[in-house]
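Q: So the chains spell out like this:
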Amino acid sequence: MTPRRRRLTLVLGILAGVAIAGGLTLRALRANVMFFFDPSQVVAGEAPLDQRFRLGGMVEKGSVHRAPGSLEVDFVVTDFRHELPVRYTGVLPDLFREGQGVVAHGRIGTNGVFVADEVLAKHDEKYMPPEVARALKKEAASAAGGTRTGS
Amino acid sequence: MLPELGHFALILALLLAGLQAFFGIAGAHLRRDRWLAAVAPAVAGQFVMVATAIACLVSAFVSHDFSVRYVAENSNSALPLFYRVTALWGAHEGSLLLWIFLLACWTLAVAIGAARLPVRFGARVLGVLGVVSFGFLLFTLATSNPFLRLIPAAPDGRDLNPILQDPALAIHPPILYTGYVGFAVAFAFACAAMLEGRLDQAWARWTRPWTTSAWAFLTVGIALGSWWAYYELGWGGFWFWDPVENASFMPWLVGTALVHSLAVTDKRGLFKSWTLLLAILAFSLSLLGTFLVRSGVLVSVHSFAADPTRGIFILAFLIIMIGGSLALYAWRAPLLRSSAGFELGARESFLLFNNILLVIAAAIVFGGTMAPLIADALGLPTLSVGLPYFNPTFLMPILPLLALLPVGLHANWKRGRLGQQQRAILATLAISLVLALAVSFGVFAQGRILTLVGLTLGPWIILSSLVDPIDRWRRKLTLSRSVMGMTIAHIGVGLFVIGITVVQSFTQEHDVALGRGELASVGGYEFRFEGVRSMEGPNYDGVRGSVVVTRRAVPLGTLYPEKRRYWVQGAVTTEAAIQMNRGTNLLIALGDDLGAGRWSVRIQVRPLISLVWLAALIMAIGGAVAGSDRRYRAAARSATEEMTPASAAAQERAG
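Order-wise, the sequence lines are chains A and B. Using this note's numbering, the first residue of the first sequence is number 1, and each one after it goes up by one. Using this note's numbering, the first residue of the second sequence is number 1, and each one after it goes up by one.
The shape of chain A in the complex, shown without the other chains:
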């Protein structure tokens, strides 16, 4: 190959590679992104019925219930305007607590209960949704003691 053709191949190769990567990335992003909704949006019917999404808010105080000895747990997620019942089966994260922020992954059932397959609590959550962050800050301010910012 002459240097010129080689350079041309190189440039075309890179361009093609970048184009393919960009296209595939966007496609995969569109198909696999999970959107975030708070209880008010879910109650208003904005959340999809047939798709997994992320539900975020605070765990309402006194709302965590489980049948003794069972992995199944029920709690209520609130954004201080609306509430949504959540059901989850499995091990809850260390930082899951009543009155703390939580993000649940799952889908909404026909009975209006959000069935979670994954539950993340404050620290696990790297993308703290700003809505929840703001809500958390308000809560922290009212509860006298200051909270630590993330690690």
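Do not rely on the hints blindly, as some may be mistaken.
On the chain B side, residues computed to face chain A include the following (Cβ under 10 Å) [as the list claims (entries may be wrong)]:
(1) Pro174
(2) Phe238
(3) Leu352
(4) Ala375
(5) Thr382
(6) Leu383
Everything labelled a hint here was simulated from the structure, so no lab data went into it. By construction, the Cβ of each residue, glycine as well, lies at the ideal position given by its N, Cα and C atoms.
Using the hints provided, position chain B relative to the given structure of chain A.
A: Chain B alone, transformed into the frame defined by chain A:
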């Protein structure tokens, strides 16, 4: 007094970094020999000052000086000595200081090595490193000073984040940062070459050992982080594709491409401008990673608003460094023509594919990491990107990359014919395929396409890496360190592929509710829960469960998973219990008290998981061996004599 001394030392370091940058770059440009002579002392002085600052902060931590804000926020009187020292890099300010210190160490090493480089070129390299250091010192002093006092002093500290109180995580940041910062050296070499308007094979030989060692450190750093996530976060995952991990993985991918592209520039004098671009890119991603992880920008772009000075400074610094070097590249790269050619099937082509695929992989990770930030900035609905995006997408460039590796290893430089090497390629492929089928159906009694592909690629890469060294050894030829290092690193890649394939294909995991004496059976192992007992540590209390493990009625021992509550922050952490049995890791984590005497327990059986980290370590060892090749040092010495007049001539032409 000591914190003020540290603060003062940092200010002096800033001034010295400024002098180092000015004398290095301007001195080389204006050819002032006395300016050039001042560069090395400035480097040494800066090192001493930064080391003093670090020592002052360590002493504040060790002596419980809670009048220093950073100490009060990240330490506690009950914190053990070891973690008081490592708490230094437990948060943003100290991490920056560590970054600066490691940069000072690398710079000192380069300054010592630069004695063998042409004077002006060496000065330019050190000058560029001075610019980087200056930026970081200015950022630290202006927005993230760790020496700020807290008045009045806190009676006690808020303690180090409990999940950071762990030996692996204590050493993870320094090693990871050593890798990050090491790419600054490659970046400085690239900028110096562009300033000089000249880049030859000797340049590649000087740059290679630095880049390879930085890459090796980064590899170990990432592996340590993954290992830590596995046992300390408590839930048995070892890679989450979370932004913090991606921030270190992107420079690694581009750095890997750079290591390979440098090989072509060294051996054949090709890919010159591409190599420069990769060097810029690798360091830019390191910068991005450093800032993104510790500054909290990743949590949300809204944190920019929370601390505007920091955010604006970061943006300005990134724009100056990345934009400046890219502008330099646009201006100077056309000067650096490659003259040689190569055929399509030649080794150069395979290394080109390697580079393109690795950069695509980095772009995919970048896209996934940045999408939520970009969506947030544009006011789009809040979204998150996770495993379902990364896992399949990432495989698209990586599978072809791995499949091309064994073929490329046998390709010749320049010429495109594989010739008799074809036999070796096909033979190793056939053996690997048989092995894959045997392991998949024989040991695990199942076979999915992706499992078979992975189990074929792994052995194929290992076997083909061995063909050439064995051949040379048979013919009693010596094996250079760089070939040895390459072979070791590629064996590491093969082992990694095997490990990750087995882990991803055959992991078994169950969350179960267990009462005292109850049994759970996972992956052929029996787990009997013996209840929990309360316990106490130096700065925490909690409960410890015990679980007896048996396999086919043979007792394998007892595991003790813990749930700790750290007193100061009240944070609860899960300490998983892990046991290795014939290459398979059994992990048990204690969940919640479910009432009625039962606990939720996560049981996970992960075969060959340790191989994944071991393989990463082997890759890094390969890098270290390759970087220590005598050729690089000898070349630097002999090139000094022939380069000095040549580069002087080039200087005249350029200037």
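Q: Could you run down the list of hints and mark each one as holding or not?
A: Right, here's what the structure says about each hint:
Given the 10 Å rule on beta carbons, the hint for Pro174(B) is violated: about 17 Å separates it from the nearest Cβ of chain A. Checking Phe238(B) against chain A: minimum C-beta separation of about 15 Å lies over 10 Å; hint violated. Hint status for Leu352(B): holds, given a least beta-carbon distance of 7 Å to chain A, under 10 Å. The interface hint given for Ala375(B) holds, since its Cβ lies 9 Å from the closest Cβ of chain A, which is under the 10 Å cut-off.
Nearest Cβ of chain A to the Cβ of Thr382(B): about 4 Å, under the 10 Å cut. The hint holds. Because the closest C-beta pair between Leu383(B) and chain A is about 5 Å apart, less than 10 Å, the hint holds.
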